[in-house]
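Enquirer: Sequence:
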Amino acid sequence: MTICNEIIEEIKSQLDKILSLRTNFVSKDDQSYVSEGDLLVQSIVLDLIKLKLPSHILISEELAPFDNCRWDPLGSYVVLDPIDGTENFVSGLKEWGVGISIFTKGFHEESCIYLPELNEFLTSGMPVVKFKSRIIGLSSSLEKSDLLSLPESDYEYRIIGCSMYNTLSAVKGSFIVFENVKGVNCWDVLPGLNLALENGSQVFVDDMPYKGEILFPTKKYKIRISNQEEI
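Take the sequence shown: its letter number 203 is residue 203 in our numbering, and every next letter is one higher.
Since the hints were made in silico from the structure, they are not lab data.
Possibly wrong hints are sitting among the right ones.
Claimed, not checked - FRET-style restraints, in silico, Cβ to Cβ:
1. M1 to P54: 13 to 21 Å
2. G92 to V181: 27 to 35 Å
3. L48 to K105: 17 to 25 Å
4. Q202 to R158: 13 to 21 Å
5. T2 to F66: 20 to 28 Å
6. L51 to F131: 35 to 43 Å
7. L74 to S153: 19 to 27 Å
8. M208 to K94: 32 to 40 Å
9. F131 to E36: 34 to 42 Å
10. L93 to T218: 13 to 21 Å
11. I159 to M1: 29 to 37 Å
12. L46 to L74: 35 to 43 Å
13. R134 to D47: 40 to 48 Å
14. Y157 to G75: 36 to 44 Å
Even for Gly, the Cβ is constructed at its ideal location relative to N, Cα and C.
Turn these sequences into a full structure, and let the hints steer you where they fit.
Expert: Shown next, in the form of structure tokens:
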């Protein structure tokens, strides 16, 4: 069993406890929420990482900021978003997820996305059946003016508010395109970017083709996952 599968199974075993904590949350400095559920998932992953991958460094949203860290492109890291879509989670919605990417000595080893309440997950190496879609997934960070400027087209649009849900939908072809043009943290997208690469999607970071390299929490990244021909 892979590390990602072990983490998924451990989260499944504690899901009732995680869900019981969704009403216990506070606002962070950026006005986003962190719940006790986030912290429990982070603790679950950290315990497994210490046991299974003791030489790896954990990069997690709830450990930020990382102002004084020195990053090694050839280092070994586990990048974690313990609960992506915390706003959905604390509001009682099921569209939230856990994302993990593991890099060893600079190379991507495995990634997974797990949507616990939807009982859906994808890990590196799993087969994927691609759908054909005319839906474009949009980031919830868009403002009203951005939405009003969307061109008239034959496409439909969806805003879900969970990067793990969105990127997984793009990996499966349920979204013909998902993009975040405002910029997003590395833990929000590394699992989806790498799973998309594995499954034949076209993947871009800051308008450049993405090739599976680790992204560090030094900035926010514009991303695009596409299942259509790109010019």
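Enquirer: Decide, hint by hint, whether the structure agrees.
Expert: Now for the hints, and whether the structure bears them out:
no. : hint                     : in the structure
1   : M1 to P54: 13 to 21 Å    : holds (18 Å)
2   : G92 to V181: 27 to 35 Å  : holds (29 Å)
3   : L48 to K105: 17 to 25 Å  : holds (20 Å)
4   : Q202 to R158: 13 to 21 Å : holds (19 Å)
5   : T2 to F66: 20 to 28 Å    : holds (26 Å)
6   : L51 to F131: 35 to 43 Å  : holds (37 Å)
7   : L74 to S153: 19 to 27 Å  : violated (43 Å)
8   : M208 to K94: 32 to 40 Å  : holds (34 Å)
9   : F131 to E36: 34 to 42 Å  : holds (36 Å)
10  : L93 to T218: 13 to 21 Å  : violated (31 Å)
11  : I159 to M1: 29 to 37 Å   : holds (35 Å)
12  : L46 to L74: 35 to 43 Å   : violated (23 Å)
13  : R134 to D47: 40 to 48 Å  : holds (43 Å)
14  : Y157 to G75: 36 to 44 Å  : holds (38 Å)
Of the numbered hints given earlier, the model fails hints 7, 10, 12; all others are met.
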